[in-house]
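With chain A held as given, fit chain B onto it using these hints.
For the record, the sequence lines run as chains A and B. First residue of the first sequence? That's 1 in our numbering, and the numbers climb one at a time after it. First residue of the second sequence? That's 1001 in our numbering, and the numbers climb one at a time after it.
Don't take each hint at face value.
In silico EDC-like cross-links for lysine to aspartate or glutamate, where the CA-CA straight-line distance does not exceed 20 angstroms [to be verified]: (1) B/Lys1107 - A/Asp102; (2) B/Lys1049 - B/Glu1016; (3) B/Lys1067 - B/Glu1030; (4) B/Lys1067 - B/Asp1097; (5) B/Lys1107 - A/Asp116; (6) B/Lys1067 - B/Glu1035; (7) B/Lys1107 - A/Glu65; (8) B/Lys1107 - B/Asp1097; (9) B/Lys1049 - B/Glu1030; (10) B/Lys1049 - B/Glu1021; (11) B/Lys1049 - B/Asp1097; (12) B/Lys1107 - A/Glu30; (13) B/Lys1049 - B/Glu1035; (14) B/Lys1107 - A/Glu34.
Some chain B residues judged to face chain A by a derived CB distance under 10 angstroms, without partners named [stated by the list, open to error]: (15) Arg1090; (16) Ser1093; (17) Phe1096; (18) Val1103; (19) Gln1104; (20) Glu1112.
Here chain B is said to cover these stretches of chain A; the calculated rule only asks that three of the stretch's residues, wherever they fall, bring their Cβ under 8 angstroms from a Cβ of chain B [claimed, not checked]: (21) 27-41; (22) 87-100.
Worth flagging that the hints you see were computed from the coordinates, not collected in a lab. Given the structure is predicted, the values throughout are model-derived calculations rather than measurements. Cβ coordinates follow ideal geometry from the N, Cα and C atoms, glycine included.
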Amino acid sequence: MATISSGGEPAHATADREIVIARVIDAPRELVFEPFTRVRHLSRWWGPEGFTTTTRSFEFRVGGEWDFVMHGPDGTDYQEWITWREIVPPERIALLHGESRDDPNAFESVLTFAPDGAATRIVMRTVFPTEQLRDEAVEKYHAIEGGQQTLSSLAAYVTEIGRKGAEG
Amino acid sequence: MARAATTSDAFNAIAEPQRREILALLRSGERPVTELARNLGMTQPQASKHLRVLREVGLVRVRGAGKQRLYGLDARGLRPVHEWVGGFERFWSESFDRLDEYVQELKQARQEGPHDGDDQ
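Here chain A stands alone, though its shape is the one from the complex (with noise of 0.2 angstroms):
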């Protein structure tokens, strides 16, 4: 089902169960893509802020798996899998994410490069099977975060739900 959700499906038909994250980053797109393709780039940014990850395995290619641990600030261990769906460098990264191979409740996420004059908008798109789905996921990974609230970051939120609103 995830399979078909590669963002071929009008916005109005997933708006319920989808989740859209976009940045601009100054760097060229090439520059931008680079850190998705090695661990030796992820581990230095994958996570939120103050967590880090142990890689089991890793293969970059249509097909390939990241198996991992993300550790959380607090101590607790995160099981994590990743298989690649869709690879187009520098524009495009399509990936199956779930907690192993076998998880029923993995879902797909774009991830898309595009030039923004001399920098590159990263668009991250994630449209769950269903509703539900959608919402196991937002708590799952408000879980993993609990606690660590900085005053920052949820400030930095108030811009980002400006920004989401603008776009409608």
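Leaving out everything else, chain B in the frame of chain A:
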């Protein structure tokens, strides 16, 4: 009376674009109403009205500092919004923050010369 519904919680309070601009300005620190009004190109009574709404829902607090009253962010009020938005978005939002920082480091390193060990 009908006004009450539009200002009764954080969601309604931040639905107004100018109030979001006020919150964005307060992220960098406390400010007096005169400065907020000037920065946003509104009159002082207009800014005061928005600030009152933001205070009522706990997004903004005020304290006296000499003759001035300084308005500051009270992020506790954003908690319900944060919880509704959920951790998944924040997960990516914070990851993108860190990615941005890391890319800037890479960019800097490239400009300083090729010294990139290709080990994994």
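Exercise for the section: Output the numbers, in ascending order, of every earlier hint that fails for this structure. Expected result: Hints 1, 4, 7, 11, 20, 22 not satisfied by this model.
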